[in-house]
Amino acid sequence: MEIELLTLGQYSFVQNAFSFGFAVLAAATLFFWLMKSELAAEYRLAVTITGLVTAIAAYHYLSIMFSWNAAADITSGEVIATGKPFNQAYRYVDWLLTVPLLLIELILVMRLSKAETIKKSTTLGGAAALMIILGYPGEVSNVGGLRFVFWVLSMIPFVYIIYQLVVGLKESISQQPESVKNLIKISTYLVIGSWLFYPIVYLFPLVGLQGGAAITAVEIGYTMLTL
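Our numbering applies: residue 161 is where the sequence shown begins, and numbers increase by one.
Hints were generated in silico from the structure; no laboratory data involved.
Fair warning: there could be bad hints in the mix.
Unchecked claim - Here are the simulated DSS-like pairs of lysine-lysine, each with C-alpha atoms no more than 30 angstroms apart in a straight line:
1. K274 x K196
2. K279 x K330
3. K274 x K345
4. K330 x K274
5. K196 x K345
6. K280 x K345
7. K345 x K330
8. K280 x K196
9. K196 x K330
10. K279 x K196
My request is simple: use the sequences and hints to build the entire structure.
Below you can see the structure in the form of structure tokens.
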């Protein structure tokens, strides 16, 4: 990433988004963990995992913010690279941990049999990890063609996960108690809806956005989707 391509306004906008993201995720962690005792016992593990997800994300967004600050010097009123690279790996390490956990959390609230829970958690969690690993090389590449190749590769497990959420878990959702069935459906659709925007953000540098505009769009896009 050539951070000196950013204007001062773009740099500050991204910096403020990282700070906002950390604050929201840290506050969410406290809320989930403090409120879990108010829930029925069978849902407390899922909420504990939700808090773990937001805690992991909060830590990584704090690290992302520090790395962003260290990568540039703006004391002159311009964005000047310090020589310290902005570490994009923090975001992918975050996703490598949190995305499988989110899927496992969704499976846990369905109260499936132990065997089915383990099976679906393993397959969906593994597919999610593979998706993240395949996406990283393209994210850090400055070659547009290479970015597109890894986008295609990462879309294979992505499509599999979406298919499983829409079709593979349909029967399991239909067997849930009426009191929670709609909530599980809504949660599933929210996961799918938010995830569908990630491949779009990934492609921003390939659809006409260049330089500082592309960097800003990608960083802000990922941050807003995480929240």
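(request) If any of the earlier hints don't hold here, list their numbers in rising order. (result) none
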